[in-house]
Amino acid sequence: MSVSNMPALQLREYLERLPGTTFRKLYQQPSTAFAIFRRMLPHLAKTFVMRMLFMPAPMLLADLDLWVKPDAKKQKDQALFILQALHIVHISPPSREKPQEMQLTTNFKNSMRRALTGGGTHNSFGVPSTLVVPPEIDIPFLDRYARKKWEDILHFVVSSVGFKSAGEVSGPNKSVKELLIAGRLVERRPNGSIGITQTGFTFLLQEANAQVWTLLLLWLEAMETNKMAGLEAVDMLSFLFVLASMELGRAYDTNALTEQRRNMLPSLVDFGLIHVPHHKRSMFFPTRLATTLTSSGNSLRSISEGVAAATSAAFNGTSSSGGPPGHGPLKSSTELKGSVVVETNYRLYAYTQSTLQIAVLALFSKLNMRFPDMVAGRLTRASIRQAIQFGITADQIISYLAAHAHEQMHRTAALTNKPILPPTVVDQIRLWQLENERMKTTGGFLFKDFEDQKEYLAVAQFAEEVGVLVWRNDKTGMFFASRHEQIRDLLRNRKKAE
Amino acid sequence: MPRAIRGVLIECDPSIKSIIVNIDSKNHDFIIEDLDEERVVVKENMVGELKRRLEDRLKENLPPVEESGSE
Chain A
1 MSVSNMPALQ
11 LREYLERLPG
21 TTFRKLYQQP
31 STAFAIFRRM
41 LPHLAKTFVM
51 RMLFMPAPML
61 LADLDLWVKP
71 DAKKQKDQAL
81 FILQALHIVH
91 ISPPSREKPQ
101 EMQLTTNFKN
111 SMRRALTGGG
121 THNSFGVPST
131 LVVPPEIDIP
141 FLDRYARKKW
151 EDILHFVVSS
161 VGFKSAGEVS
171 GPNKSVKELL
181 IAGRLVERRP
191 NGSIGITQTG
201 FTFLLQEANA
211 QVWTLLLLWL
221 EAMETNKMAG
231 LEAVDMLSFL
241 FVLASMELGR
251 AYDTNALTEQ
261 RRNMLPSLVD
271 FGLIHVPHHK
281 RSMFFPTRLA
291 TTLTSSGNSL
301 RSISEGVAAA
311 TSAAFNGTSS
321 SGGPPGHGPL
331 KSSTELKGSV
341 VVETNYRLYA
351 YTQSTLQIAV
361 LALFSKLNMR
371 FPDMVAGRLT
381 RASIRQAIQF
391 GITADQIISY
401 LAAHAHEQMH
411 RTAALTNKPI
421 LPPTVVDQIR
431 LWQLENERMK
441 TTGGFLFKDF
451 EDQKEYLAVA
461 QFAEEVGVLV
471 WRNDKTGMFF
481 ASRHEQIRDL
491 LRNRKKAE
Chain B
1 MPRAIRGVLI
11 ECDPSIKSII
21 VNIDSKNHDF
31 IIEDLDEERV
41 VVKENMVGEL
51 KRRLEDRLKE
61 NLPPVEESGS
71 E
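Heads up: the protein sequence lines correspond to chains A and B, in order.
Everything in the first sequence is counted per UniProt numbering, starting at 1 for the first residue and increasing by one.
Everything in the second sequence is counted per UniProt numbering, starting at 1 for the first residue and increasing by one.
Keep in mind that the hints were calculated from the coordinates and are not lab data.
C-beta atoms are modelled at their ideal positions from N, C-alpha and C, and glycine is treated no differently.
One or more hints might be untrue.
Said to hold, decoys possible - Residues of chain A clear of chain B, computed beta-carbon distances all greater than 12 Å:
hint: 1; residue: Y14
hint: 2; residue: I91
hint: 3; residue: N110
hint: 4; residue: H278
hint: 5; residue: R281
hint: 6; residue: D395
hint: 7; residue: P419
hint: 8; residue: M439
hint: 9; residue: T476
hint: 10; residue: G477
hint: 11; residue: H484
As the list claims (entries may be wrong) - According to the in silico footprint, chain A covers these stretches of chain B (three or more CB under 8 Å from chain A):
hint: 12; segment: 7-19
hint: 13; segment: 29-41
With the hints as constraints, model all of the structure from the sequences given.
What follows is the structure, encoded as structure tokens:
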């Protein structure tokens with residue numbers, strides 16, 4: 001299922017589609033080069049970049065083998081592929097006269113050096129405002145503000161599911177709503193109401209950071225098709241990276257921005273990425289949503305925790321402590337008190353008032369009673385089936401229930417030394433999924449008609465090494481791969497070498 | 001020259017696979033390559049339609065079990 005899309009991956013997919021010229025422009029900014037280095041690269045690729053950063057001349061590609069242990073060839077190839085896809089490394093095409101050379105692309109190299117060693121007046125990490133900061137704007141205030149904004153957006157996405165809370169929620173700005181519709185997270189139904197789509201569900205279950213990127217990429221794409229706004233996607237993207245490198249709780253100077261970037265501010269306010277005080281329009285504060293945009297990829301939380309974080313925001317909206325910095329845009333699930341009780345007879349009770357959490361529960365259970373501080377329902381074959389059709393997996397449902405299990409469930413489990421959720425229910429949810437998923441589908445490419453067995457074996461072997469091989473049959477000389485770019489390059493190189 | 005064909009790999013039980021082959025046999029507009037007992041490669045744009053038709057077939061043969069138990 002597409003739910004496993006990590007934000008880094010989504011951003012990477014977007015970036016990989018950009019042409020080389022766009023990258024050259026992006027890498028003019030030290031903050032962008034640094035953010036991409038920090039967020040998008042696996043550790044081995046980072047090591048390569050750091051080693052090559054201050055080399056005066058290109059190095060031989062063959063020399064790279066000296067750096068990498070032979071058994072890590074797969075990781076090396078993957079690292080090189082990413083570095084090339086992001087136009088960080090340039091490798092000269094193979095030819096008979098000269099051995100292949102590799103070097104960092106000029107702009108990336110220069111910007112990365114400047115980011116690390118300082119110097120220059122690029123202002124690429126933002127210009128702090130010199131004005132007096134209003135005392136009421138502190139980190140807890142910004143967190144509350146960002147959470148409220150983001151919650152409004154999430155509420156809008158789920159509002160079509162079951163339980164409405166009219167009047168309670170103000171809803172996001174009109175432009176944001178339109179963006180969500182354009183991105184097909186929600187769609188207008190024939191009767192004029194707004195309904196959630198499968199993409200919307202996936203979005204909802206994503207970790208908050210991933211949600212922010214999803215929305216921002218939608219925004220960038222919308223801007224590209226709508227040139228009238230006078231905004232250029234490349235510059236917008238660089239500005240997002242600038243925001244990500246700013247410091248939470250600090251005021252930055254609006255006047256130091258180019259006009260184009262100033263025009264972006266209203267939308268960023270709508271998303272809750274920045275806050276502009278009413279009486280001091282010349283300064284803006286990045287919120288946690290913005291400053292964690294490029295937090296390292298491995299601090300990502302699981303999907304259930306993502307939901308937990310999203311729902312916890314609504315759940316204890318009043319008791320905001322801010323949390324330690326760098327801890328994700330919203331609260332982590334450890335701060336959330338569990339509220340869901342699941343019984344062996346598939347009944348489900350949730351002690352909550354949060355409409356967001358109720359809406360999430362309604363995705364996969366049949367809720368039939370609602371009390372002032374509690375909802376009751378059942379997990380049924382039909383309700384699980386419906387959830388699976390929306391693109392939610394059984395494992396997601398189970399981990400959501402486990403993560404939100406009521407304290408009493410934990411206590412009983414500890415006493416009787418049993419798992420938190422009743423095993424019968426867990427198994428049944430999985431069985432219901434199997435019943436509905438009779439086939440496993442993998443998109444990709446079928447490779448066939450190789451000249452001879454030798455060629456087939458070499459290419460299939462390569463596909464396995466770079467980790468794109470899904471299935472192979474040596475007898476018929478065919479294999480199936482999830483991506484084709486690397487294999488295409490290999491075939492081309494083989495042809496040239498002949 | 002080797003060829004790369006875009007498609008979707010479907011892995012399933014032999015019984016399901018035989019239904020897929022049967023659905024395809026009418027117009028031959030789904031399957032790109034029949035790989036083995038449990039695998040076929042299908043045209044990318046036809047996967048949704050195939051799933052729908054498969055669902056219909058299965059419904060004909062085994063009607064979904066009615067929910068029992070009180071609310």
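Problem set entry | 12 Å Cβ clearance of M439(A) from chain B | Violated, because the least Cβ-Cβ distance between M439(A) and chain B comes to about 4 Å, which does not exceed 12 Å.
Exercise. Does the no-contact call for G477(A) survive, Cβ to all of chain B over 12 Å?
Worked result: Non-interface label fails for G477(A): nearest chain B Cβ at 9 Å, not farther than 12 Å.
For this session: Verify that the Cβ of H484(A) lies farther than 12 Å from every Cβ atom of chain B, and report whether the claim holds or is violated.
Result: violated (5 Å)
Exercise. Is the nearest Cβ of chain B still more than 12 Å from the Cβ of Y14(A)?
Worked result: holds (21 Å)
Problem set entry | Whether T476(A) stays farther than 12 Å from all C-beta atoms of chain B, as the label says | The claim breaks: T476(A) does not keep its Cβ more than 12 Å from every Cβ of chain B (closest is about 8 Å).
Exercise. Are three or more residues of the segment 7-19 of chain B within 8 Å, CB to CB, of chain A?
Worked result: Check passed, 8 qualifying residues.
Exercise. Does the no-contact call for R281(A) survive, Cβ to all of chain B over 12 Å?
Worked result: holds (50 Å)
Exercise. For D395(A), is the shortest beta carbon distance to chain B beyond 12 Å?
Worked result: Check passes; 18 Å lies beyond 12 Å.
Problem set entry | Verdict on N110(A) as a residue remote from chain B, using beta-carbon distances over 12 Å | It holds; N110(A) is separated from chain B by about 38 Å at its closest Cβ, greater than 12 Å.
For this session: Decide, holds or violated, for the assertion that all CB atoms of chain B are farther than 12 Å from the CB of P419(A).
Result: holds (23 Å)
Problem set entry | Check on I91(A) being off the interface with chain B, judged by Cβ distance over 12 Å | holds (22 Å)
For this session: State whether the coverage of the segment 29-41 of chain B by chain A holds or is violated, taking the criterion as 3 or more residues with Cβ-Cβ distances under 8 Å.
Result: holds (count 6)
In summary, the structure is inconsistent with hints 8, 9, 10, 11 from the numbered list given earlier, while agreeing with the others.
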